[in-house]
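Next come the chains, spelled out residue by residue.
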Amino acid sequence: DTGVSQNPRHKITKRGQNVTFRCDPISEHNRLYWYRQTLGQGPEFLTYFQNEAQLEKSRLLSDRFSAERPKGSFSTLEIQRTEQGDSAMYLCASSLVGSGRHEQYFGPGTRLTVT
Amino acid sequence: AQTVTQSQPEMSVQEAETVTLSCTYDTSESDYYLFWYKQPPSRQMILVIRQEAYKQQNATENRFSVNFQKAAKSFSLKISDSQLGDAAMYFCASTQTGANNLFFGTGTRLTVIP
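Chains A and B supply the protein sequences, listed in that same order. Per our numbering, the very first residue in the first sequence carries number 444; after that it's consecutive. Per our numbering, the very first residue in the second sequence carries number 90; after that it's consecutive.
Check before you lean on any hint, since a few could be wrong.
[As the list claims (entries may be wrong)] Not everything, but these chain A residues come out facing chain B in the computed CB check (under 7 Å):
1) G485
2) F488
3) E495
4) E499
5) P513
6) F517
7) S542
8) H545
[Said to hold, decoys possible] Calculated from the model, a selection of chain A residues having no Cβ within reach of chain B, i.e. all distances over 12 Å:
9) P451
10) K454
11) E471
12) D506
13) E511
14) E521
15) S530
16) T558
Read the hints as simulated data drawn from the structure, not as lab findings. All C-beta atoms, glycine included, are put in the ideal place defined by N, C-alpha and C.
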């Protein structure tokens, strides 16, 4: 069983450009989460999906951010018109609801640098 | 909302010795879960140990154990027989039953001295 994977691992973009990240969760997991982690901080919740439905979005998720999870499998996170403040590590995690364990498994992250 | 506080930005331990990392949290819920995650440099976050709030017994996983003090809202991690591979950022996190996200502390950077 492979873990959570994320692509790309690193992305450098110029301010104003759009970027898209992909996350592939653990195959049997029905929940998928996106977090953002800035230097020296713990991860902060952005949004989560249960199957294909996006059920919660954090206030951190501005209108320039959009996430999808078509068919309840992989997910994409798009940032439009990137700003320097978007520079961060974007982490994806997945979990299995109903297991009673409430633990999330994280991917390696995508490090975004906006110049 | 929940808050998680890690008051030790950095800690160090001699190889083979024991170290304790501190974490306090604040929640109004009675049913919640607590976790310690490890994030090695440039590597992904790994779950170290979990604790259900309704369980009085402290969780243990090999060399890792917790001291869960529910009344004090304290959840410390003890690493015994420290190894070089234990060097990492350690994050304490909490979630409520039925909630959908983890709340993380700011982390403690652990250095293991050979």
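Now the hints, each set against the structure:
{"no.": "1", "hint": "G485", "result": "holds, 3 Å"}
{"no.": "2", "hint": "F488", "result": "holds, 4 Å"}
{"no.": "3", "hint": "E495", "result": "violated, 15 Å"}
{"no.": "4", "hint": "E499", "result": "holds, 5 Å"}
{"no.": "5", "hint": "P513", "result": "violated, 20 Å"}
{"no.": "6", "hint": "F517", "result": "violated, 17 Å"}
{"no.": "7", "hint": "S542", "result": "violated, 12 Å"}
{"no.": "8", "hint": "H545", "result": "holds, 5 Å"}
{"no.": "9", "hint": "P451", "result": "holds, 15 Å"}
{"no.": "10", "hint": "K454", "result": "holds, 16 Å"}
{"no.": "11", "hint": "E471", "result": "holds, 17 Å"}
{"no.": "12", "hint": "D506", "result": "holds, 20 Å"}
{"no.": "13", "hint": "E511", "result": "holds, 17 Å"}
{"no.": "14", "hint": "E521", "result": "holds, 20 Å"}
{"no.": "15", "hint": "S530", "result": "holds, 17 Å"}
{"no.": "16", "hint": "T558", "result": "holds, 21 Å"}
Figure legend: structure checked against the earlier numbered hints; hints not met, in rising order: 3, 5, 6, 7.
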